[in-house]
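Novice: With the hints as constraints, model all of the structure from the sequences given.
Chains as they are written, first to last, in this note's numbering: chain A, 1 to 188; chain B, 1 to 1005.
Do not take every clue at face value.
[Stated by the list, open to error] Subject to a maximum C-alpha distance of 27 Å in a straight line, what follows is the list of computed DSS-like cross-link-like pairs (lysine-lysine): (1) Lys784/B x Lys94/A; (2) Lys21/B x Lys152/B; (3) Lys94/A x Lys703/B; (4) Lys660/B x Lys784/B; (5) Lys343/B x Lys389/B; (6) Lys984/B x Lys912/B; (7) Lys94/A x Lys660/B; (8) Lys156/B x Lys21/B; (9) Lys159/B x Lys173/A; (10) Lys703/B x Lys897/B; (11) Lys21/B x Lys386/B; (12) Lys660/B x Lys492/B.
No lab work stands behind these hints: they were computed from the structure.
Every value quoted in this text rests on a predicted model; they were computed, and no experiment measured them.
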Amino acid sequence: MSDPVSALNHVSYVGIARVEETGLQGMITLRGDLSSAALGKAVKAATGQEVPDVRRAAVSGDSGACWMSPDELLLLVPYAEVEAKLAALNEALKGEHALAVNVSDARAVFKVSDGPTREVMAKLAPADLSPGVFEPGEIRRTRLAQVAGAFWMEEDGSFRVICFRSTADYVFKLLSVAAQPGSEVGVF
Amino acid sequence: MSTRLQKQGRLIDRSKQITFKFNGTTMRGFEGDTLASALMANDQMMMGRSFKYHRPRGVVASGAEEPNALVGLGEGARFEPNQRATTTELFEGLTSISQNHWPNLEFDVGAVNTALARFLPAGFYYKMFIHPQPFWKHVYEPIIRRSAGLGKAPDKETKDADTYEHFYAFADVMVVGGGVAGLQAAKAAAQSGAKVLLVEQTAHWGGRAPVDGGTIDGMEPGAWVEQTLAELQAMDNVTLRARTMGAGVYDHGYALAYERLTDHTPGVQGPRHRLWRVRAKQIVTATGAIERPLSFAGNDVPGVMLASAMRDYVVNWGVTPGQRVIVATNNDDAYRTAIILKKAGVDVLRVIDARTSGGGALADEARSLGIRVDPGKAIAKVKGGKRVKKVAICNQDGIGGAREEVACDAVAMSGGWSPVVHLWSHCGGKLIWDDAQAHFRPDPARPPLGADGNGFVVPAGAANGPVSLGEVLADAQTAGEAAANAAGFAPKTADAPKGEVEVELPMEPVWLMPANADTPLRMKAWLDFQNDVKVSDVQLAAREGYESVEHTKRYTTLGMATDQGKLSNINGLATLAKALGEDIPQVGTTTFRPPYTPISMGAIGGEARGEVFQPIRKTPIHDWNDANGADWEPVGHWRRPFAYVRPGEGVHDAVNREVKNARENLGLLDASTLGKIIVKGPDAGKFLDMMYTNMMSNLKPGKCRYGLMCSENGFLIDDGVVARIDDDTWLCHTTTGGAERIHGHMEEWLQTEWWDWNVYVANVTEQYAQIAVVGPNARKVLEKLGGMDVSDAAIPFMGWADGKIGGFDCRVYRISFSGELSCEIAVPASQGLAFWEALLEAGKEFGVMPYGTEALHILRAEKGFIMIGDETDGTIIPQDLGLNWAISKKKEDFLGKRAQQRSHMTDRNRWKLVGLETVDGSVLPDGAYAAGEGVNANGQRNVIGRVTSTYYSANLDRGIAMGLVLHGPDRMGEVIEFPGTDGKIYKAKIVDPVFYDKEGKKQNV
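Specialist: Right under this line is the structure:
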């Protein structure tokens, strides 16, 4: 057994904003009937959060529930607890038609902070990131230049960005280019 | 001569001198100059030569519409051709060269083309190709290649030194153009609370108004601009961007804006250009109007300029293009130029007004300043080569006789104004002809339509037709309110600011000067300066039957240069209309296409260059592979090692070594890229029975089965091993390239066709690093690491089990794509590299070597296993490949079943898979066709098959191949011929495709 290693092992870059890989985050893809009471209870038990509304993310620390599609949630749990949480979810959802799988290692997570973070993201994702439109509690499952990605905003204005593990290097470089010195847009 | 004036120049700072170079000569200008104004201040009126005839050309305009003053800007990694001097802001150290000259600007050999002009008429290129082939190959093509193309391409060895980016922006109302109309429209829209984005292509706000005069609410226009700008800046819901051009308008309120960040300060940190990708609910086009030239002989001689541009140079940059100026016009507006020049101390010899009635209030003012006004007159011809020397004046109503010659050094011309309707038109906005102004303007009844069927573009100000300041401001107010309203905001209705300006008399359209100019004059009257198209060319096209304006455009090249005919289009189509005896609206305009002016390729690419040009997907073992000799092969966006090349070894030596070692000792393959899709639910078995050609519902938990996937047309789209995890759950392996595609394929069927089936799928490809442990020593290394029973009894062939090996959480699939004893072991991706290294360490004593994709291919080909993409190409059904055993006969249905029963699919003449063994042991060329008897209808040899996979097998020490051959399986032992592209004929015997271990003993131990 060796220590699990995240895709880029906490690499970071500082330009007009700080970009860093935050390391391993427990993640569970949960597909099912989001209006089901059993599912709601199971989500609450696993993450402490209610089932989020459309395009909403309820995240606190490394636990949370994010809306992904009309029948899919992304659950965030501490990395070390994924298997236990997964087992509890499967137990709680017995008899329900649902699918819960561990995708922690299929992803990489970045934090974009300390600067015009909205602008850095708006250079890569075709989403409206204006204040008042995109605020903490919102999530976008979208595109980061040429690859799939998703992000939400923390209370401190920093972004958490998720991509597939295989594209972690590309996304890190992409975020770094978007945060290059002298590239402030000055809009938001 | 052109000189700097002592006074004037509202945009320049005379205390800040700037040094720059033009064609190697050092010159001086001021901060705030454009390259064009600075060149003129240095008496450099001639700025280039024309494209076709290499005629001397000077600057004509003062903005984006400039056709002539194109330069190559910068050097080395920052060299860029075709930059307009009029929109290039001067900076310290700027270097520029003129274009289309050889050997130099002053003396040009190509100018001999002018003498040959009568041999280079409209449609020259088209006509040329009528001539016999040797002519254009040996005579015309070399000449055209030399002279075609505008500007010089950057050196191919250099790389652009700058960076670029995109920016996604959203607005309720986007206003394009920061003149007084744009400012007022933005203000009117913003007061409703709408989020407004206002872009202006130049570095300055206010457009023409500060030059053209009048008053707004009693203020000088310049003061009003400052005040309004300050109001807009103070509003939180308004974003203002100067140096940002609205480049294009597209469907659904999508617009592109091109921001030039560091063109005026090269080398400064940060991106050079930023392409704004805007979604706006409504777009206001306050893009102003462009003055039209007059068509008279010699209207291209350096020193002939648009009247508006001439006064721009005086007022904005304190530069006069000449000392003795003649103004030619068909309207009152051009008198402003005469007045401004005169007041600046320039000698205005006379105003030649084509209208017999002469002008109104502005003409009276000019007269009162002592300027001579000649009504009913025309310029017959401008004389001079590299500079205006004389103007011959005649009656407008004539053929150009009875001339009076006046010596002068500059001519200002004005043929009226055309609204800039480009952005209105990009997405389908229609135009109507305005007789009074003799121009096309947006038809309010036919705007470009959005998704809701309503218009989403609102023209404002001069871009909508009005010309006087008062009308422009009133129109802008209305447009701003209308846009806000359409965007869902309640506009605060307010009165537009009151613009006051001299009353003007109507203009009179003048499409040729003099009206009946004779042929020699028409042959020197230019319409399109950049592409050298004259009045006589368009008339010739009309005579030769080109009635459509679009055809005439292409035949004559009118409006096809980098300026897209901003000055020439209306004059050109008016000339065509007259030649055809039709009205101008009947002839119509050519199509307006984005971008408004050329934008850089860098801006279009955005951040996608260098390391982030394209995503490269990496497995958890990628970096180890890279450090250990991987010769990379792109597989989709992944990079996979083709082979691990050791120092001093060739790539194919490495492949041969890896192939032999996997059969004799122990090979490791990084198989992480293979797709892994979880399928779960009460109906999952039923679903997979539809997805695969064979039965998956009866697979027992703990077991694996190879399956084929076909499209509904019956063709093979993917293959892979399916493992049943528990009663409700299956895991489907796909090919590397199939992971996302097959996941999408499954979702599509579930969402659109079988939405009532209880099945969920999830793509978990990247959750796992998957490593194939292959060879006679495979079990030994796993047992050495220990932790779970990997014996044949515990995990038989085509079984799987979960457990721990060497402390790693593993799922072990006992499957083989090599024919050897083999396990594919999945571990969490975060531990993939550690597991790989543990296997290498433990495997040392068993002769472990990693192997790449080429060895994988050879190993499977030795066993006759097919590869999606090699044996299949989208036209192959499983039956072609002898895979009938994997097609269920019991199942009522599966995707492709119906299609595979159609007559063409069951035709016994479909080529079938066989093995191919060259008679001399050589390797068949990949993709080679087998030649049959006789020839087809085209006289080509009939073909009876083709090679789909071909390799050198180190294990068998000979070439092996697979191919599809007509009646192949019935022709075992027959020798067929494959003519190679190298001229050799390759002879190969048809054999069984399994070359190695036919009984399959090795994988089953």
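Novice: Taking the hints in turn, state whether each one holds.
Specialist: Hints and how they fare:
no.: 1; hint: Lys784/B x Lys94/A; verdict: 39 Å, violated
no.: 2; hint: Lys21/B x Lys152/B; verdict: 18 Å, holds
no.: 3; hint: Lys94/A x Lys703/B; verdict: 24 Å, holds
no.: 4; hint: Lys660/B x Lys784/B; verdict: 23 Å, holds
no.: 5; hint: Lys343/B x Lys389/B; verdict: 23 Å, holds
no.: 6; hint: Lys984/B x Lys912/B; verdict: 25 Å, holds
no.: 7; hint: Lys94/A x Lys660/B; verdict: 50 Å, violated
no.: 8; hint: Lys156/B x Lys21/B; verdict: 24 Å, holds
no.: 9; hint: Lys159/B x Lys173/A; verdict: 20 Å, holds
no.: 10; hint: Lys703/B x Lys897/B; verdict: 25 Å, holds
no.: 11; hint: Lys21/B x Lys386/B; verdict: 20 Å, holds
no.: 12; hint: Lys660/B x Lys492/B; verdict: 82 Å, violated
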